[in-house]
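Since chain A is already given, all that's left is putting chain B on it; use the hints.
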Amino acid sequence: MSQTFVLKKGLNIPIAGEAELRVSKTIAPGIVAVQPTDFKGFLPRLLVKEGDPVLCGSPVAADKKNADILLTSPVSGTVKEIVRGEKRKLLAILIESDGKRECADFGVRDAAKLDAGQVRQALLQSGLWPWLIQRPYGIIADPEIRPRDIFVSAFDSAPLAPDAKFCFGSELAAAQAGVCALSKLTDGKVHVSVDDGASPFASLKQCEIHIFQGQHPAGNVGVQISHIAPICKGDTVWTVSLAGLVAIGRLFTTGRVDLTRKVAVTGPMALDCSYVEALPGTPMSELRSFWGNTQEDTLRIVSGNALSGKAVGAEGFLGFFDSQVTILHEGKEQELLGWINPIRGHQFSADRSYFSWLMPKSKKYAMDTNLHGGPRAFLMNDGYYGRVLPMDIYPVYLAKACLAGDIEKMEKFGIYEVLPEDLATCEFVDPSKNNIQAMIEQGIDLMLKEMA
Amino acid sequence: MNPIFEKGGKLYWLHSTVDAFETFLHVPGTVTRKGSHVRDSIDLKRILILVVIAAVPAALFGMWNVGYQHGLAVGDTSLNILGNWWYGFLRVLPLYLVSYIVGLGIEFASCQIRGEEVSEGYLVSGFFIPLIVPVDIPLWMLAVAVAFAVIFGKEVFGGTGMNIVNPAILTRAFLFFSYPNYMSGSDCWIHYKPTEQLVDGFTGATPLALDGASAQYGTGFWDLFIGTVPGSVGETSVIAILLGAVLLIWTGIASWKIMCAGVLGALFVGGIGDLAGISSIPCYMQLLYGGFAFGIVFMATDPVTSAQTEAGKWIYGFLIGALCITVRLFNPGYAEGMMLAILLCNVFAPLIDHCVIGAHMSRRAKKLKTA
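Sequences listed follow chains A and B, in order. Using this note's numbering, the letters of the first sequence map in sequence onto residues 1 to 452. Using this note's numbering, the letters of the second sequence map in sequence onto residues 453 to 823.
Just to be clear, a hint being listed does not mean it is correct.
Here are the computed lysine-lysine pairs in the DSBU-like style, where the Cα-Cα straight-line distance is at most 35 Å [as the list claims (entries may be wrong)]:
no.: 1; chain 1: B; residue 1: K645; chain 2: A; residue 2: K87
no.: 2; chain 1: B; residue 1: K486; chain 2: A; residue 2: K40
no.: 3; chain 1: A; residue 1: K400; chain 2: B; residue 2: K819
no.: 4; chain 1: B; residue 1: K819; chain 2: A; residue 2: K189
no.: 5; chain 1: A; residue 1: K361; chain 2: A; residue 2: K433
no.: 6; chain 1: A; residue 1: K8; chain 2: B; residue 2: K821
no.: 7; chain 1: A; residue 1: K310; chain 2: B; residue 2: K459
no.: 8; chain 1: A; residue 1: K49; chain 2: B; residue 2: K819
no.: 9; chain 1: A; residue 1: K332; chain 2: B; residue 2: K486
no.: 10; chain 1: B; residue 1: K821; chain 2: A; residue 2: K89
no.: 11; chain 1: B; residue 1: K819; chain 2: A; residue 2: K412
no.: 12; chain 1: B; residue 1: K459; chain 2: A; residue 2: K233
no.: 13; chain 1: A; residue 1: K113; chain 2: A; residue 2: K87
Some but not every residue of chain A turned toward chain B, in silico, with C-beta under 7 Å [unchecked claim]:
no.: 14; residue: Y137
no.: 15; residue: E330
no.: 16; residue: A350
no.: 17; residue: D382
Bear in mind the hints are in silico, worked out from the structure with no lab data behind them. Beta carbons are placed, not taken as given, at the ideal position from N, Cα and C, and that holds for glycine.
For reference, chain B alone in the conformation it holds in the complex:
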């Protein structure tokens, strides 16, 4: 590194930023000082970028779907796949720019203040945030929400690794509670200009909020599985999300236990709903609706904010699945419960771990006493 960026140099205030770019280009030549002389070649950069790569199919599909839904809404289906994708890409690109410029700016500044290297955590959060908001969200709102989530969700606790709730989920929650008009109902999920002529019987409602009414798009199993329905940008396609899930489980980065437990929890409450006649939707369909798949694969498995212990992961995952469907079935106010379920379980994860460890310790003490 140029000495001008070192401590005492003129541009020292850019130290963290320059270091971040430099280590992005090269694995640094630093050697071990204490402890183990050799180290594993894995680092957090690789782990976190792999999470981003896992979300790429969902993002690409989401962009195509933005164009496709717009076409359906205005009754113009002449665009081909690439055309639809390009239309969506141009709509989603500003979201990415805002997410990364605001979030990384705050991250770089806080790392410089703390005198640490820039952590890669926000690369992941910043990639997820545009995927879990409606495509038509005003950019200034997104900027405010990102700033809030990064500062109060992460930096005040000491940066990546210290946060209690997932910053991406916090961004969405901030938008949801501050600007509910833009985040729910049937106007925000499909992009169209006010001047455009819409088809007859048009509805912008997502399948979850549709409640049996007819719409210009299909709501069958395959429509939901492939994801050709309106919704937040990256959440609609279960198949694209499953591709990501395969990568995450193969590399062992995300916990399969949390994913399995989440699905079980959702089926459990959904099944009760079916049996009791509360819901008309078969319980397995709950797994396809809304943000469940995206949330359980990418959000719930965030290693920082999820439960740490192996038994805790089962409990944590199950609770998320169960709570999500509980909100869907028993709460008339909110159509979707995934965000709330994850947020709540993030907060409860340390408590779950505390109980699991406590139980483990007392069981062990008992065993030692009898031995």
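Only chain A is shown next, with the shape it has when bound in the complex:
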């Protein structure tokens, strides 16, 4: 029997520009990028050089710490360019697609009949292993470890997030194969969280189904873990996104690496908010029709959602894990005496000193990237932030412990349970305009360094 969790805390951020449930375009990109920087804790070693031919699913880079972990090409074609940044840091491997999508064959297999070793081998070789994220710290899972449990969130509550049922509702068989495969890798259970009992994913077998109701970040897997089975010191759990689960399932049901997915193009500045079919590493320039003639320096093009996505710009690429692009206006305008304006009806605030909390929930706001104030020290109480965080932690205390680099306190306040994205709503509402996600990131990096 599935368990229902009703989360009272949280905040749905009403940005305008939700994608309509239709696929407006299928993008067959001429060039795709494999970006090792998408993977936290991945130290890339190149396996190809410029001009090498690759198939869909052939390895292009391996992890220096564990040579078994591979990144593979999502298309077939030739390696066009190796992009390096400062200190020769490997930023991207650009692959020119030949348009044929020839795939390396990994063989159709019944996931239910494989043992753990075979599943691990298949995921590592096909380059799907990096979909497995370890908690704590949010790094790529270590193949040598058997995690306590594996968690999958089958919905996304982030602002303008793609609709999981629309994107993957037709891929139930692949998702089921993915769950079967994952269940071999853990001694515990695979936990799948859905937003209501009628979701197609609520019918998945060989896993525990949980129902989460509430506002963002109810769909964040970190929040769900903290309600289902919190991570204590010494625990290791893995998480997989729904896109990853489906990709893993497809590997077993079709024998191929197939990372195509529906990507929601959203945001107040997007002209025709809808879905496109695309691959990870698709250049943003392929989406140019979505912002039309708008000057690109007045836009912020984000791969991911508006809270935790990465600003990649018009020349950037879609991130490996992202199924969403958000197009925002760069809010560089100054607003005369805006801070005291009693109404300010076009601005959203979760704070009660504005009236937007009295507005109907359906009202959407064309938010931009303006900071709406100057950076200050933390001034409001912990509870001011706690009301948008449905977890049993003290966000301000945790952020301050991270700033101070105090490992004992970080442990005490729950650093093992969170990733920066989980505190994104706290960052959004912060009147002191602190970069809380960056603080948490800093704390996690310190933990990784000290605990290694």
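The following block gives chain B in isolation, referenced to the frame of chain A:
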């Protein structure tokens, strides 16, 4: 901003000041760099200015009351409302000028030294300080006290948000302990010139210190509730303070938990006093006397110096209320205990939070172990 104020420019030493005025006029056009790309339109300027707005009724009433009390003292009640207010306004204005010029001057200078933007915290403290001192306080004393409170109460800890005690309360405490003659007794609460003829039976004592003696003003429930009694400038009118409390609770800026807990704490000790026969004042009247209302609404709820945790707020508020009445009832030396109660609880707030969090953590660990 003019490049002359930027780093390396001739007038760089004015950078923080110019920035403060510029951001006062406009919401700056800065965009998010890290983390969340969109942000809430709330900022500290709005939050803190709303606190000032909440205190405006108390300030306006306080000014009128200065004129009204003066009229009662000299037996001349010919002035109308506006006349009384104007009389009081002229007496209180110098206090505001001193408070803001000294306090903001130090604040601007320290922000420039630290290389930060000027925080709005002092706009609130500076507005409160004239409201919690007697109207006749010599201006040089006020200047010294403000300088002490801002430098040693706030800037040495790193500015607004880092302070342990409320700077406004610290200003008052500094005055109280350094110049007790000007801050207590019956000479300081009503403004009059030494040459003026006072009415027969005049007393400048506040109702709290009156102890049943008769005076030229009423001491009934409604007199205290409306605030037509002598006292610090902004503290006398409970009704004006309640107006502010409504705004603060409506906007969620101040914690209703602290206010409720404070009232409960005061009634608790006041009730014990009644039952044990220690005090002749009904316990609910304690809420109207002296600085209790102003303190619990505006001072105790300062988010920086109050307890941070939700359970901690109940404890913190209750302690303030209880301590205030304890000082009133059991200490013959001080007529009023609100300032001391808040000061002490400011200091203890981190300890309260520490205990609340510790208890929460161990309870949680136990739950996880059994699960």
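Checked against the structure, which of the hints given earlier come out wrong? 1, 8, 10, 12, 13 and 14
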